[in-house]
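These protein sequence lines are chains A and B, in that order.
Residue numbering for the first sequence follows this note's numbering, starting at 1 and increasing by one per position.
Residue numbering for the second sequence follows this note's numbering, starting at 1 and increasing by one per position.
Possibly wrong hints are sitting among the right ones.
Okay, derived cross-link-like pairs now, EDC-like style, lysine to aspartate or glutamate, Cα gap no bigger than 20 Å in a straight line [claimed, not checked]: (1) B:K63 / A:E101; (2) B:K59 / A:D85; (3) B:K103 / B:E45; (4) B:K103 / A:E101; (5) B:K59 / B:E15; (6) A:K57 / B:E17; (7) B:K57 / A:D62; (8) B:K103 / B:D39; (9) A:K13 / A:D62; (10) B:K103 / B:D82; (11) A:K57 / B:D2; (12) B:K59 / B:E1; (13) B:K103 / B:E70; (14) B:K79 / B:D39; (15) B:K42 / A:D56; (16) B:K69 / B:D2; (17) B:K69 / B:E55; (18) B:K57 / B:E70; (19) B:K63 / B:E17; (20) B:K79 / B:E55; (21) B:K42 / A:D62; (22) A:K22 / A:D71; (23) B:K42 / B:D82; (24) A:K57 / A:D30.
Label pairs and their computed distance ranges (CB to CB) [as the list claims (entries may be wrong)]: (25) B:K42 / A:S80: 34 to 40 Å; (26) B:G16 / A:A1: 27 to 33 Å; (27) A:T113 / B:S28: 39 to 45 Å; (28) A:S79 / B:S19: 22 to 28 Å; (29) A:K13 / B:P111: 14 to 20 Å; (30) A:K15 / B:G94: 19 to 25 Å; (31) A:T18 / B:P8: 38 to 44 Å; (32) A:P8 / B:P80: 30 to 36 Å; (33) B:G29 / A:R28: 26 to 32 Å.
Think of the hints as simulated: they come from the structure by calculation, not from any bench.
Even glycine gets a Cβ: it sits at the ideal position worked out from N, Cα and C.
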Amino acid sequence: AAGVIQSPRHLIKEKRETATLKCYPIPRHDTVYWYQQGPGQDPQFLISFYEKMQSDKGSIPDRFSAQQFSDYHSELNMSSLELGDSALYFCASTPREGSYEQYFGPGTRLTVT
Amino acid sequence: EDQVTQSPEALRLQEGESSSLNCSYTVSGLRGLFWYRQDPGKGPEFLFTLYSAGEEKEKERLKATLTKKESFLHITAPKPEDSATYLCAVQVMGSNYKLTFGKGTLLTVNP
Chain A
1 AAGVIQSPRH
11 LIKEKRETAT
21 LKCYPIPRHD
31 TVYWYQQGPG
41 QDPQFLISFY
51 EKMQSDKGSI
61 PDRFSAQQFS
71 DYHSELNMSS
81 LELGDSALYF
91 CASTPREGSY
101 EQYFGPGTRL
111 TVT
Chain B
1 EDQVTQSPEA
11 LRLQEGESSS
21 LNCSYTVSGL
31 RGLFWYRQDP
41 GKGPEFLFTL
51 YSAGEEKEKE
61 RLKATLTKKE
71 SFLHITAPKP
81 EDSATYLCAV
91 QVMGSNYKLT
101 FGKGTLLTVN
111 P
């Protein structure tokens with residue numbers, strides 16, 4: 001079965017640089033969620049999109065922005081990177097109709113040096 | 001504020017030694033409670049969704065139950081391949097479906 005695809009899987013950036021993370025949801029899933037998981041921490045909700053519109057916002061820094069495109073893939077843009085942004089970033093998708101389960105991708109490991 | 005607390009933080013079992021993981025929650029209104037399995041460096045893998053008190057779901061050696069205040073994940077006769085972090089998450093009414101996670105239970109099953 002098709003799963004959520006994230007790219008890149010690993011990313012190394014320096015402080016103050018920018019990064020773009022991409023997420024391709026499961027086919028026919030129209031809702032995308034972004035989560036950040038720091039070392040030894042639980043995933044923290046950042047932002048979500050439904051039908052290309054932002055549907056909810058969590059603890060996402062103002063330096064981060066995201067959008068969902070017409071093909072339902074989503075991109076998380078991170079600017080002025082800080083050491084504390086080093087984490088695993090997960091994307092999850094779900095169909096709006098039916099069950100509420102969120103299916104997670106493999107994640108992007110971002111390291112800021 | 002919505003809270004999810006998992007216990008114990010870590011659990012070490014011998015192969016075949018059954019046990020339970022606990023997830024207690026305090027939320028304004030529960031839409032659903034979710035169990036995920038996470039292996040190191042990987043994305044959470046969906047296991048179960050529970051929607052109402054009294055509900056139970058099973059999958060192989062795992063069984064999840066739900067009350068009005070907590071959920072249990074029972075592991076029967078575990079095997080080493082069951083070793084992982086088990087995450088509990090809640091979805092709250094009016095929250096636009098985001099998940100609020102507990103800090104997880106790290107399960108180690110020794111052969």
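Hints, one by one, checked against the model:
no. : hint                       : in the structure
1   : B:K63 / A:E101             : holds, 17 Å
2   : B:K59 / A:D85              : violated, 36 Å
3   : B:K103 / B:E45             : holds, 15 Å
4   : B:K103 / A:E101            : holds, 19 Å
5   : B:K59 / B:E15              : holds, 18 Å
6   : A:K57 / B:E17              : violated, 42 Å
7   : B:K57 / A:D62              : violated, 40 Å
8   : B:K103 / B:D39             : holds, 14 Å
9   : A:K13 / A:D62              : holds, 19 Å
10  : B:K103 / B:D82             : holds, 18 Å
11  : A:K57 / B:D2               : holds, 16 Å
12  : B:K59 / B:E1               : violated, 32 Å
13  : B:K103 / B:E70             : holds, 15 Å
14  : B:K79 / B:D39              : holds, 15 Å
15  : B:K42 / A:D56              : violated, 24 Å
16  : B:K69 / B:D2               : holds, 12 Å
17  : B:K69 / B:E55              : holds, 13 Å
18  : B:K57 / B:E70              : holds, 15 Å
19  : B:K63 / B:E17              : holds, 15 Å
20  : B:K79 / B:E55              : violated, 25 Å
21  : B:K42 / A:D62              : violated, 27 Å
22  : A:K22 / A:D71              : holds, 13 Å
23  : B:K42 / B:D82              : holds, 15 Å
24  : A:K57 / A:D30              : holds, 17 Å
25  : B:K42 / A:S80: 34 to 40 Å  : violated, 29 Å
26  : B:G16 / A:A1: 27 to 33 Å   : holds, 31 Å
27  : A:T113 / B:S28: 39 to 45 Å : holds, 41 Å
28  : A:S79 / B:S19: 22 to 28 Å  : violated, 46 Å
29  : A:K13 / B:P111: 14 to 20 Å : violated, 41 Å
30  : A:K15 / B:G94: 19 to 25 Å  : violated, 38 Å
31  : A:T18 / B:P8: 38 to 44 Å   : holds, 41 Å
32  : A:P8 / B:P80: 30 to 36 Å   : holds, 32 Å
33  : B:G29 / A:R28: 26 to 32 Å  : holds, 29 Å
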